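Sequences listed follow chains A and B, in order. Going from the first sequence to our numbering is simple: count from 1 and add 619. Going from the second sequence to our numbering is simple: count from 1 and add 619.
Among the clues, some could well be false.
Note: identical chains are not told apart, hence a pair may lie in one copy or across any two.
[What the hints assert, rightly or not] The list that follows gives simulated cross-link-like pairs (lysine-lysine, DSS-like), each with its CA atoms no further than 25 angstroms apart: (1) Lys704 to Lys909; (2) Lys702 to Lys909; (3) Lys903 to Lys702; (4) Lys959 to Lys981; (5) Lys981 to Lys702; (6) Lys857 to Lys1026; (7) Lys909 to Lys857.
Bear in mind the hints are in silico, worked out from the structure with no lab data behind them. Nothing here was measured: the structure is a model prediction, and the numbers come from that model.
There are 2 protein chains.
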Amino acid sequence: MTARKNLFYAQSGGPTAVINTTACGVIETARRHRDRIGRVYAGRNGIIGALEEDLIDVYRESASAIAALRHTPGAAFGTARFKLKGLEESAAEYERLIEVFRAHNIGYFLYNGGNDSMDTAHKVSLLSTQLGHPIACIGVPKTVDNDLPITDNCPGFGSVAKYIAVSTLEAALDVRSMARTSTKVFILEVMGRHAGWIAAAGGLAGEGRDDPPQLILFPEIAFDEAAFLARVRASVEKNDYCVIVASEGARYADGRFLADAGSRDAFGHVQLGGVGQVLAELIKRELGYKYHYAIADYLQRSARHLASAVDAEQAYAVGRAAVELALEGQTAVMPTIVRKSDSPYRWGIGVAPLARVANREKMLPRSFISRDGFAITAACRRYLAPLIVGEDYPPYRRGLPQYVTLKNLPVRRKLG
Amino acid sequence: MTARKNLFYAQSGGPTAVINTTACGVIETARRHRDRIGRVYAGRNGIIGALEEDLIDVYRESASAIAALRHTPGAAFGTARFKLKGLEESAAEYERLIEVFRAHNIGYFLYNGGNDSMDTAHKVSLLSTQLGHPIACIGVPKTVDNDLPITDNCPGFGSVAKYIAVSTLEAALDVRSMARTSTKVFILEVMGRHAGWIAAAGGLAGEGRDDPPQLILFPEIAFDEAAFLARVRASVEKNDYCVIVASEGARYADGRFLADAGSRDAFGHVQLGGVGQVLAELIKRELGYKYHYAIADYLQRSARHLASAVDAEQAYAVGRAAVELALEGQTAVMPTIVRKSDSPYRWGIGVAPLARVANREKMLPRSFISRDGFAITAACRRYLAPLIVGEDYPPYRRGLPQYVTLKNLPVRRKLG
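With the sequences and hints as input, model every part of the structure.
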């Protein structure tokens, strides 16, 4: 073992278009501090890699492969939906983490994820001190859902927002141009289980009340079938067509989702899908309009080909800042994005204690949703607009983006 | 009336990412021949605009608006699903067309569409001569389905092919990275009612048998449930995940579609949708794997942000060639794309008689599909690969593509 501590980095939860951009920021920054940081290890399949002592030796990748992470979607080291519970309930897992970190001389733990991951990073920080092997635990924000508190926005969200805004605009031009004899209503189903941030981004496609999308359905607003159908009919009668952006989390006043696939994932979350179809059939039955619907699903969060340049820049910056915070001796904190002004858009990096971030969800404020519940407000537009600015195109070869697949070579095990 | 004849241009059927690129080619070329072509009129909502004498005066648009058509998706003048039948069955409509063309001194009719439109253009040519008002009728190829005969490929297809290949690649990176604890099987449902060209394009995302997509379902191959499930299971057991590209036209041996929404459009075609869901539920029931599916729907054919540069160039070229053919005195023909070599890819413009194009569909050859029916062959790859090459990005402002909406001012009516 050397005096220099190693750094452990893990990805958590659903990938985004730019989670690897953050990984690139972490690794490239760590490489510039070889005097203080030994090697960088990554968890194979996220925190599971630590629990199973299945670590990836990141420094066996070439510098060009690491640089290519910047423009590669997915989660390059593997990620997991794996939630550690309380320190008592999941005591064995937490202790195992500390044991693995101790065995591999890990002094820095960077956990790149959403609410649940911030909670885990916080608990590891507490326990590592209790167990006499203090580790600098830094949460690194990532979530397409944009629902972390304190930070102005979350890396990953700007790119999905751009994808949804552009896709809504493009599909609307298509539908509008053939509405006379064909499809009248088009529905784009988007992610956002509890918070309507992604659905709201669809609102950037148009500006006026008659611009597409003519309706947005948010999880924050109880679905009012009569008001919805009246608005669809009014749009078709006035504009000849209607474009709807519907959150997968759209729900009735009693909390039931419009579409509930019935299965649950590892976090106990209901697995959603199908709101587009439910709405389409409702419209067909009640209004008789021909419809089409698209389900963006994973396409929206992996669309690195259409990443927001602002998002990519911020994703890299939080990775770099996380390493710098660790080197400053901080622990149980998360770098945040701080907005300094809307127009011109200016931002910087701040710091938030994990205790104030963990397990808290930031919903779309009511002031960001129009009075009738079907559109975004000017305040929402001011918030969202800067986040999709700029195109950060990947390099292409023969028509396809040049995404990298790492070697992901294992670190030799030291434990049983 | 002047000695110069006017040109009438109409868009038909579903829009593509580049049908307006063809319109731009038509209009800019006509403008360079003001000595021989009077004004350019477009049909509002396609051929319906001619039948209703609702013509758009294209020359009242600015040159910059016309130039912006080159990078704008949708169908800028409106399009229609409206099929004229035989000359006797639809005699009134054909005679009305000639009447309107005569009233507006139209000597050139350019019809931009697929099989049905080529048939209409052919019949108008025949009838106009019979009625003593001969019109140069040129079919201009356009279809994402790539199913027109004689031409090597169809403008619109290259861009949807690129979109599907890139989306398959990106979603596969996403699924692969979290397969350990989450989704094992991802299905991308794509267009292609009768021909598997679009589904085949998904095959460009990977090269080896274990690369994504691990399975493709073509309309040309009868669905074999047992073989399908065996391949899905084998991929999950070997690769930890499985990506499937499924054509909306996938069908059983008896011809029934896997998913049949039950309604029919104006052409009497069954309206499809839902193969992704049917496959997902089958996999869940028989194999127990967690799944996700995306339905690209209109996003795939309107994704001008990811247009193939080769496709955009060819779309413009067929528009230009159509005007030039008309000026040469040709009629009842369609400009084609002629492939001169695969690698390096070289192509030129040819000419085909509409009588040989109309109402014929070009299916994916069996030699382009692997023996087991679930993948593309090397020959298919050689055919497809050049068509997605190059990125023809639209200009952006504040994060959104700068698509144009035309004024579409009407031409004064001359008939009742």
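How do Lys959 and Lys981 come out at 25 angstroms by Cα distance, when the copy is not named: within, between, both, or neither?
Within one copy only: 19 angstroms inside, 58 angstroms across.
As a check of your reading, is Lys903 near Lys702 (CA-CA no more than 25 angstroms) within one copy, between copies, both or neither?
between (41 angstroms within a copy, 24 angstroms between copies)
For the identical chains here, do Lys702 and Lys909 meet the 25 angstroms Cα criterion within one copy, between copies, both, or neither?
The answer is between: 18 angstroms across copies meets 25 angstroms, while 43 angstroms in one copy does not.
Same-copy or cross-copy closeness of Lys704 to Lys909 [CA-CA at most 25 angstroms]
between (48 angstroms within a copy, 23 angstroms between copies)
Intra/inter-copy verdict for Lys857 and Lys1026 if alpha-carbon distance must be at most 25 angstroms:
Between copies only: 18 angstroms across chains, 56 angstroms inside a chain, cut-off 25 angstroms.
Give the relationship of Lys909 and Lys857 under a CA distance limit of 25 angstroms: within one copy only, between copies only, both, or neither.
Within one copy, since 16 angstroms is at most 25 angstroms while 43 angstroms is not.
Is it within, between, both or neither when you check Lys981 against Lys702 at 25 angstroms Cα-Cα?
within (20 angstroms within a copy, 52 angstroms between copies)
Of the hints listed earlier, there is not a single one the structure fails to meet.
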